[in-house]
Every structure is written in structure tokens, then in C-alpha cells.
Amino acid sequence: MPPTSESDVLIIRNLKKKFGEKTVLNGVSFGVKRGETKVIIGPSGAGKSTLLRCINRLVEPDEGEVIFDGINVLSKDVDIRKIRARIGFVFQHFNLFKHLTALENVKIGPKVVKGLSDDEAEKIAVKALKAVHLEEDAFEKYPAELSGGQQQRVAIARALAMEPDIILFDEPTSALDPQLAGEVLDVMKELAKKKVTMLVVTHEIGFALNAADEVLFFYNGRIWERGEPRELLYNPKREETKAFLRRIADLSL
Amino acid sequence: MIGTAVSLDVAMRMLLEGAKMTVVLSVLSIILGLLLGLPVAIMETYGGRLLRYVAMVYEGTLRGIPLLAIYMVIFFSMPLLTGIGLPAFWAAVIGLGIRSSAYQSQIFRSTIQAVGEGQIEAAYSLGMSKLETLRYVVLPQAIRMAVPAWMNEYVIVLKDTSIALAIGIVELTRQAQYLVSITGEPFRYYGLAAFLYLIMVLPLTYLAGVLARKYGIKGTGGASNVRI
Amino acid sequence: MKGKSPYIGVFIAVSLLLAVAASGCISTGTKEKVLVVGTSADFPPFEYKNASNGQITGFDISLIKLIAKKMGYDKVEVKDMDFDSLIPALQTGKVDVVIAGMTITQEREKVVDFSIPYWEADQAVLVRKGSGIKVSSVDDLKGKKIGVEKGTTGAIYVKKHLGNSSTIKEYPTYVAATEALLNGQVDAVVLDSPVAKMFSKKYSVEIVYTIKTGEHYGIAVKKGNKKLLDGINNALKAIMNSPEWNKLVEEYFGS
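These protein sequences, in sequence, are chains S, Y and P.
Numbering-wise, the first sequence is residues 1 to 253 according to the numbering used here.
Numbering-wise, the second sequence is residues 1001 to 1228 according to the numbering used here.
Numbering-wise, the third sequence is residues 2001 to 2255 according to the numbering used here.
Derived from the structure by calculation, the hints contain no laboratory data.
Misleading hints may appear alongside valid ones.
With a Cα cut of at most 27 Å, we get these calculated DSS-like pairs of lysine-lysine [claimed, not checked]: (1) P:Lys-2142 <-> P:Lys-2129; (2) S:Lys-18 <-> Y:Lys-1214; (3) S:Lys-114 <-> Y:Lys-1130; (4) S:Lys-33 <-> S:Lys-193; (5) S:Lys-141 <-> Y:Lys-1214; (6) P:Lys-2033 <-> P:Lys-2223; (7) Y:Lys-1130 <-> S:Lys-82; (8) P:Lys-2227 <-> P:Lys-2031; (9) Y:Lys-1130 <-> S:Lys-76; (10) P:Lys-2212 <-> P:Lys-2160.
Under 8 Å between C-beta atoms, here's a sample of chain P residues computed to sit facing chain Y [to be verified]: (11) Asp-2042; (12) Pro-2044; (13) Met-2081.
No experiment lies behind these values; they were computed from the predicted model shown.
For each residue, glycine too, the CB sits at the ideal point set by N, CA and C.
With the rest of the complex left out, here is chain S (with noise of 0.2 Å):
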């Protein structure tokens, strides 16, 4: 199987970053397809956030390439700004602009950067906002005021809004308890049934198994082992992989 594929909207090839002497990323290649939902699992520290960062030049890797629809972001003409426009980015601590309400933080992205009115930008927020299932008496309510949960999902909609190509996903539920993750998930299969491009860092083995195309295991900065979800989980092939997979049962069960 070729690691990556001309159709992909989203390419990596041998991917590589430091932190000084610590290798983070060692030689990192896989493709996204559009439509497709492609979770990636590891042990913290294997380099799955900042290859993340990477794709969208939060974080600037020191070699190799990431090509997204056809361009390469990593080339010094691109404007990074009109890619990141284009990828959706879901963090961890939700991120949400404390001083907006969570119907304003949904509106700026569509607003400063596309330079929509303030008609069209509550239009698009608002579609955005019901698609994550927020309670209509939470739009006009400031982060602080909200749910974890009821943040993230804010989050996710302020990624919507700018009918990205690609959302990625870091570690979207780890700050939030059982329950609430369970809210945040729901979504987040919901966008996977709708065919939204999503690239997923998670622990959460129910997701990958429930709305994944592939699972990557990622460990010491590289894919380590790759496949269908129910084959790479259920029946690892490398120890580490197992390993992995043995501990996260053990925390969940």
C-alpha cells in the first residue's frame, strides 16, 4: 500500500522536528483523503500534537513536506494564512477567546478573516452552533460561563464556520470528564457520518473504533504500526502497539 496517494487533500512526506536535541518527529508520511475520518493514538510525547502544529505552521518543522490540496505549505511563497483559513483546528483547552460569547467567537473567523458582514457571519455561527448541539440560552454566554463540554463544542463550530477542508483534532476530550466527552464525541461522529475531513489525536479507542477509516499508531516520533480500526485495535501486530492498547483499557476499564 503506498503510504500516500495523489487524491489525498492532505499529504505529509518524512516529516521531521526537534526541540533541540529531543527528536520529535522522525520521518513522518501519511495522506488524508477528503471525507475521510483518520484518528491517530500514542503514548504522550510521540510527537502526535506537534505533528498537528506542523500541518498548519503553528510549530515549523525542520524537514520534510505537507501538502494540502495540492500546495506546499511548508513553501516560503505561501501565504499561511489563507491555508489556515482553509484547516480547521480543535485544541485540547478549548482556546475559546474569553472576551467573546460563544456566538461572537463562532462569528470572528467568518467575519475578520473572510471578510463576511455581520449578517452573513451570524448566519454561518449560528448554523455552526446548532450543529454541535449548543443550547440556543448558551449563545449569548462567555466561556467561563459554559460546560467544558458546551466549550469544546463551541470550539468545533468556531472550526465549522469556516467550512474548513480538514479539522484537526488535538486531544479534543482529555480535559473533560467521561460525560462530558461523551457530548463532545457525539458530535464528533456525527461529522464523521457527514463525510467532514477530520484528522483526530485521541485516546479515545470507542471513537476510532466507532468512526475511523484508519487508526495510526504513532510511538518514538513515527507511525509504528497503521490499519483498519478493529484490525489495528483488536489485533495489534507490534508489541508496543499492544502495549499501548493494554494500558488504555486498563485506565477505562
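Starting from the known structure of chain S, fit chains Y and P onto it as the hints suggest.
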């Protein structure tokens, strides 16, 4: 002449006239300080090495020089060097304003830096430029967080207007001095002046609370603990 | 949100502020001959603010107005500032002359030029004519009842040197102290010598001793401004030798 009685009516008229000057001078100065201090804070946090250095020298110099010396330079030395003389009033506004800009830049620098990295990453991830991020995310939060310290700075500016009497500004303290010199009653007139300063400051404490409630970042307690 | 930058507003505000500041410096271009006088109006009766009309007035102010008139000026503009700012203001041309009860000292003479002294702050000892009190040193006042004006150099001097040995009575004005002397409530009054000289002509009192403080007040001009200084000195001499002088002293020290 010493011991001349002045009616309370006349004395209050003089003191209120002085208080008016104190308010006008302090308001213009704090605004000038804001217009200069905020850009300096932005230079210090976002500028390149040169801009940052320039801003640091500006801030350090003005914070290191006593206000009286700043006045002396603007009012007396500048005309000798440049041939441009400012009337005492504008020299006072500029002196107090640039001095305050150094302290305001420090306030805004610290609140700009207090806006979390996550907020900035989120803005960048939406495709915002550095300037847009500053305009729509960093400054709105930094300015709200700055309200208590800024109000405090205004109170300091208000009280420091009295130093302008050195270059001939007749504000509250100077009016009190006049009264003391003709009546020989320091307790009464300095006491009245002190009372007027207090009256000018107390509503600001209240205003700071109102502003904090109205513009503070909801639920974070960001600007609600206002103390002056 | 896009397009209109908030920084434009900031620039406009700064420009306006500077424009207003600049307009303040443009001279009005009148042909009037104006003498700009620096003073520090917290030293009555030499200079102080008249509470009822808000004008800066006093002995010095009236004197400089007389001088200016004699020198052909149309107008006197009084600028009040902190005493310590007066010399810098003179040096930088903010004011033409300084009259502020300023004592002529060697230190100050290095940086400004002074007119001839117009006021001796020497303290005169005044007694009733024919009282027979002889004073050849301050010690001779020991055990006497002494009147002074509250807050003056004389009061401070007497309290310091005779506070333990004499009865010191403070009065709100020189006149009140002198009246107390005339009706026998005190044996002597200690006061500024120019005032004492005027009283000795007016009342039945005499100066029996002068305590030298060495404080002489002068009018200051910018160093080297000989033309202005000469004009001031000539006018000052003329005024001091005329009845105008006594009128002036009486106006501010008499009642």
C-alpha cells in the same frame, strides 16, 4: 497681611478653580499617556529587536527621571535646544502625559503578555494575521485586564498634577498655597485641598468597579477586583 | 470589522492634541511693549493672590508696575510659578525680570544680574519715643515685652533668640504690633527696617537698634542684559527718592 481672613465662599471658589485645572490637566495627560503608552507596549511585545530596544529605552528613561526634571527639560531646556517654546499648560500636559505613558506601557505590556498563548494560537489557526490577532483578540483582553491598574495610574496622574505648579500651573495645591500664604492657616486650606482630592478620587474607585462589571471578561474575575 | 483601522483614530487624536499645543505657542503679534514679570505669589505682602479678585498683587508687583511705567512699557504681564523655577525661567527667556522678595546672594549673582537692593530685610527694634530704652545688642531686649507680626522674619528671629527670656506677643499685622507699642502693651517691636523707618516718621516711635540679617531684596534680570538692568536701576532710584515709595510701603505694610 498674614492673618487676612478669607471667607469660606471665596476660598472654595479659588480651590474649585484649582480643582478644575487639576481635572483638565490629568484627563488630557492620561489620554496622551494612553495614546503613547499602548503603542510602546505593543512595540515592546511585538516589535523587532530595534523597536523593542527603542521602546525599552523610552520607558526606562521616563520612569527613571523625576517628573519635576521632565517638566524642567520640556519647559526650560527644550526651548533653548530647539527654539520651540511651549506654554506652561501644554508643557505640563506633555510632561505628565509622557511620564504616564511609560507607566501605562508597563501596565499594557504585562496584560498583553498575560493573554495566553492558546488564545493567540486559536486566532492564528483561524487564519488571522498578527495585526488582526492583536486587534481582535490580544488587545481587547489586555485592555480589560488593565482597567484596575489603569484606574490606579489615573489616580497617580491626578495627584501628580500638583508638581506642575513648579512651572506656573495654578491647580488645586497652588490655590491652597495662595490661601495659606495670605491667611496663615495651613491646616484649614491644605485640609480642604486634601478633601477635594479625595472627592475627585473616590468616584473613580466606583467607576472602576462599574467598568470592571461592564467590560470585564465575564466569569473570569479578570477585572473585578478593583482596588485603588 | 475590516477596513477601518482603529489606529487612524489614534493618529487623528494625537495630531489634534499637537496642533492645539502648537497653536498655543504662536504669538499674537501685538505691537504693545510688554514686560513679562516672574514671581511666586505665596509671599505676602510682597506678592500674593488677592482672594477677592483673583489677581496677583503685592508690594513687589506694584513696584514693578511703577518701574515698567517709568521705563515706557505699556503693560506688565505677571507669571506666577514656583520660586525655584524663577531663575530658570529668567535664563530661558520665559520672563524678562523676576521680582519675588528674592534675596541677593553670591550664588544667585553667578547666574543672574540683580538691581540695586530695594528692600532691606534687616530687623529694626522700635520703641516709644522718650521711653529711655537703650539697645546696643539683642541681649538688651531680655526680660522685655516684645511685639512682632506673626509669621515674619522678625517673629522667627525673636522667638529663636529671646523665646526663653522675654515675653513675645504676636500680632496679625505690623500696625497692630505698633499700636500695642504705643499704648504700652509691649516695650519694643521688632520688624522689617523699611517698615520701621516709615512708622518712625508717622508715629511717636523711634528705631534704637538694627539687627543685621544681611537680607537685601533685588530685582533679577537675565545675566548680561545690561540695558534692561540700567533702566530698572534708574527707575528704581527715582521711585525710592520720591513720595511714591512711602506710599507704596504704607499701602502694603501700613494698615
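For this session: Any hints from earlier that this structure breaks? Give me their numbers in increasing order, please.
Result: 2
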